[in-house]
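*Asks:* Got chain W sorted already, so can you dock chain E onto it with the hints?
Chains as they are written, first to last, in my numbering: chain W, 1 to 417; chain E, 1 to 334.
What the hints contain is simulated information worked out from the structure, not anything from laboratory work. For clarity, every value in this text was computed on a predicted model and none was experimentally measured. From the three backbone atoms N, C-alpha and C, an ideal C-beta is built for every residue, glycine too. Mixed in with the good hints, there may be bad ones.
[To be verified] Listed next, the in silico SDA-like pairs over lysine to any residue satisfying Cα-Cα at most 20 Å (straight line): (1) E:K10 - W:D241; (2) W:K136 - W:Y98; (3) E:K171 - E:Y199; (4) E:K171 - W:Q379; (5) E:K10 - W:M245; (6) E:K98 - E:L119.
[Claimed, not checked] Covered stretches of chain W (chain E as the covering partner; in silico rule of three or more C-beta atoms under 8 Å from a C-beta of chain E): (7) 70-83; (8) 180-187; (9) 400-407.
[Said to hold, decoys possible] Simulated restraints on C-beta separations: (10) E:Q70 - W:I243: 31 to 41 Å; (11) E:V142 - W:N35: 35 to 45 Å; (12) W:I43 - E:I168: 43 to 53 Å.
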Amino acid sequence: MKNTLRQILHARNFMIGFITIMIILFAVSIYPLFNQGSPLDMIGLGTFFKPGTYISMYDAVETAPTYTLRLDGAAAKRVEAKLPQADRESMKRWLVAYGIPDEAVNTDDLNDLLNLWNNTYDPDARPAGLTSAFRKSVARIDTVLAGLLESLDVRVYTEEPESGEMRETAQIKDNQYINVSEVVNTRQLWLGTDNFGRDAFKELLAATGVSLKIGLIAGVIATVLGLLLGLVSGFVGGIVDDIIMFFANLFTVIPGFVLLILISYSIGQEQRGATVVAAVIGCTSWVWTTRSVRAQTLSLRNRDHVNLSRLSGHSLPRILITDILPYIASYVVMALILQICSGILAEAQLSMLGLGPKTTETPTLGLMMFWGMTYAAHQNGAWWAYFPVILMIALVSFSLNLMNTGLDQVFNPQLRS
Amino acid sequence: MKGYKRYFLKKLLWFVITLIAAVILNFVLPRLMPSDPIATITNRITEGMNNQNAVMQIYREYARKFGTDQPMWKQFLIYVGNLLKGDMGVSFQQYPRKVTDIVAASVVWTIALQLPAILVGWMIGNLLGALAAYIRKGFDKVLVPVSLFVSGLPAFGLAVTLLVVFGITLKWLPISGGYSYDLLPSFSWRFIKSVIVHYQMPFWSIVLIAIGGQAIGMRSMSIYELNADYVKYSRFLGVKDMKVVGYVFRNAMLPQVTGLALSIGTMIGGALVAETIFSYPGLGSTILSGISSADYPLISGVTLIITIMVLTMSFAIEMLYGVIDPRVKAAQSD
Numbered sequence: 001m002k003n004t005l006r007q008i009l010h011a012r013n014f015m016i017g018f019i020t021i022m023i024i025l026f027a028v029s030i031y032p033l034f035n036q037g038s039p040l041d042m043i044g045l046g047t048f049f050k051p052g053t054y055i056s057m058y059d060a061v062e063t064a065p066t067y068t069l070r071l072d073g074a075a076a077k078r079v080e081a082k083l084p085q086a087d088r089e090s091m092k093r094w095l096v097a098y099g100i101p102d103e104a105v106n107t108d109d110l111n112d113l114l115n116l117w118n119n120t121y122d123p124d125a126r127p128a129g130l131t132s133a134f135r136k137s138v139a140r141i142d143t144v145l146a147g148l149l150e151s152l153d154v155r156v157y158t159e160e161p162e163s164g165e166m167r168e169t170a171q172i173k174d175n176q177y178i179n180v181s182e183v184v185n186t187r188q189l190w191l192g193t194d195n196f197g198r199d200a201f202k203e204l205l206a207a208t209g210v211s212l213k214i215g216l217i218a219g220v221i222a223t224v225l226g227l228l229l230g231l232v233s234g235f236v237g238g239i240v241d242d243i244i245m246f247f248a249n250l251f252t253v254i255p256g257f258v259l260l261i262l263i264s265y266s267i268g269q270e271q272r273g274a275t276v277v278a279a280v281i282g283c284t285s286w287v288w289t290t291r292s293v294r295a296q297t298l299s300l301r302n303r304d305h306v307n308l309s310r311l312s313g314h315s316l317p318r319i320l321i322t323d324i325l326p327y328i329a330s331y332v333v334m335a336l337i338l339q340i341c342s343g344i345l346a347e348a349q350l351s352m353l354g355l356g357p358k359t360t361e362t363p364t365l366g367l368m369m370f371w372g373m374t375y376a377a378h379q380n381g382a383w384w385a386y387f388p389v390i391l392m393i394a395l396v397s398f399s400l401n402l403m404n405t406g407l408d409q410v411f412n413p414q415l416r417s
Numbered sequence: 001m002k003g004y005k006r007y008f009l010k011k012l013l014w015f016v017i018t019l020i021a022a023v024i025l026n027f028v029l030p031r032l033m034p035s036d037p038i039a040t041i042t043n044r045i046t047e048g049m050n051n052q053n054a055v056m057q058i059y060r061e062y063a064r065k066f067g068t069d070q071p072m073w074k075q076f077l078i079y080v081g082n083l084l085k086g087d088m089g090v091s092f093q094q095y096p097r098k099v100t101d102i103v104a105a106s107v108v109w110t111i112a113l114q115l116p117a118i119l120v121g122w123m124i125g126n127l128l129g130a131l132a133a134y135i136r137k138g139f140d141k142v143l144v145p146v147s148l149f150v151s152g153l154p155a156f157g158l159a160v161t162l163l164v165v166f167g168i169t170l171k172w173l174p175i176s177g178g179y180s181y182d183l184l185p186s187f188s189w190r191f192i193k194s195v196i197v198h199y200q201m202p203f204w205s206i207v208l209i210a211i212g213g214q215a216i217g218m219r220s221m222s223i224y225e226l227n228a229d230y231v232k233y234s235r236f237l238g239v240k241d242m243k244v245v246g247y248v249f250r251n252a253m254l255p256q257v258t259g260l261a262l263s264i265g266t267m268i269g270g271a272l273v274a275e276t277i278f279s280y281p282g283l284g285s286t287i288l289s290g291i292s293s294a295d296y297p298l299i300s301g302v303t304l305i306i307t308i309m310v311l312t313m314s315f316a317i318e319m320l321y322g323v324i325d326p327r328v329k330a331a332q333s334d
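Chain W with its partners taken away, still in its complex shape (with noise of 0.2 Å):
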């Protein structure tokens, strides 16, 4: 027993996927006493926020102290920030009209632009080859420019309650900056808000946990019901055996996948939390365990100590517990690792077609995919909705298979290279 788990603890694959399950574990149970409140909260009035630090803009402005910084180019980032690049290249079009060599016009370097911009632009030339329209879009280009360059300062007024009079309260030069760590209320969302606007990075941790739960449970059922059966049904034969693999055989064959479809959508949308989910995919799974660990007890049954333990006397659950479990033990490991991973699988599936467990009280990975997908996230560009779901997927069921993988190789010597 101590060299198997000594063997396992060298197993490389073992080991790294066991961490990464850990990692992700350790994190989802910690994050929520950092973030508080229920990751469903729809903190968003909108959808798809883009991830970063959201600061309160109220906030931001009666914040005190205020520190002033002078850097270079503050002034030319704010004017970039104003002119996209379609603009700068009807500039580019106007100078090259009026004369300017094409290679002398780099819309890239914004300083250079507004230099010969500035130098060159004559509101009542006409250029060859320009449409008055054109040319009328880019005097309008040229009026925002002129108010972008001068730097004039931002007053805030504030409106008097009782007299309904204007009063100036706040006078912001473009110079002046504030402390981001001393605004009240900022929210760092690290990716975005999801459709329902709730907070995305919150709301995976979230999923992670309960979606492991789900596999957990429905592996965990998948397994007893197999072990139990396929012990019972190789050990004791006879028709009790016939009963169980006519059944087994049923649902070898007849796709697991209707079955839960049919199942879930028969259990209808309000009975359908995540505990249900997990126990429905958990009995549906079964087979697999059973088979093997029927072919397993079959070989093992007629063995000397386990013949030895039957003339004692020794009751059938004694003898399976005892004589029989040891020698599969390190299969039904196994088996249950791989049995967690296919829970998450199938209820990230059924999730998608709409047959996840209730949206409105648990967050789980295929309900967030299933939303993100209805959403249209992937067209709308709003890759923190769905693509950190899948990588979670993904990192998932990678470790849990690492995990087995480095099992087989610690049981199956034959593996090893």
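*Replies:* Below, chain E alone, put in the same frame as chain W:
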């Protein structure tokens, strides 16, 4: 040949028994659901009506038409009788379209997509797995983790990734449907070209997933076989390496064939979900629309067709297995 006949008859009997069980499950399970689809339809049709008697009348009329006012066993007999005539009832959502028509329109797409994809994935996967077992070293070190990663991905995850990369970012391939919106199914060159272009992403997303799972299985099988006594003995005798590899490959293939028969149901299930990502006009999208509109004749029709598809495929594979594995024949003729 006598042994094979018995093997065939036994498998055929199982095929029939599972089919009956599937029909019963298909009938019973959806009818256990709490909501009343007839009431839903009646509500839709009688919207704005305030004469309770008339509403009741319409409800009864529909209940009679769909047969939901009969006792369960009678409904079952009618259901089986209709099934034998190839009639799976009328869709609630797309009333008065027949379920048989809807299913027939989509099952062709699904078979044309999934059968080649699963077979191609299975073959490439086995080849890669055998190569990994034979070469070991670097190739093995790369293939195993990559296969593990890909096979652990849900089919829809890979589908979305492909869709975003090739469809939305690079704009190489169309992102949804089985053919262009502006075309009608016909045997024109333009239509066939459009179908082929739309086929690529769903096809490869299924193939890649299948490769991963099969490669891992084949690798373990081949390693077992490579360590078998007959391999060592042949090497002692000086049999050419390629010939030994040929034997090993054949022997390792056999469990993979059974594996395919057993896992085909799971594969199809995953692929159906992948279909919905691409809005492919197959069974996956049909069942999704059936579920979202509580259309139980449609759901039960689609699940029945999927079951029959899976049953037939695994039956065919088992038949093939009986032919290629001499041990099956030997065992059966005892």
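*Asks:* Tell me the numbers of any earlier hints that the structure contravenes, in ascending order.
*Replies:* Violated hints (numbers, rising): 6, 7, 8 and 12; every other hint is consistent with the structure.
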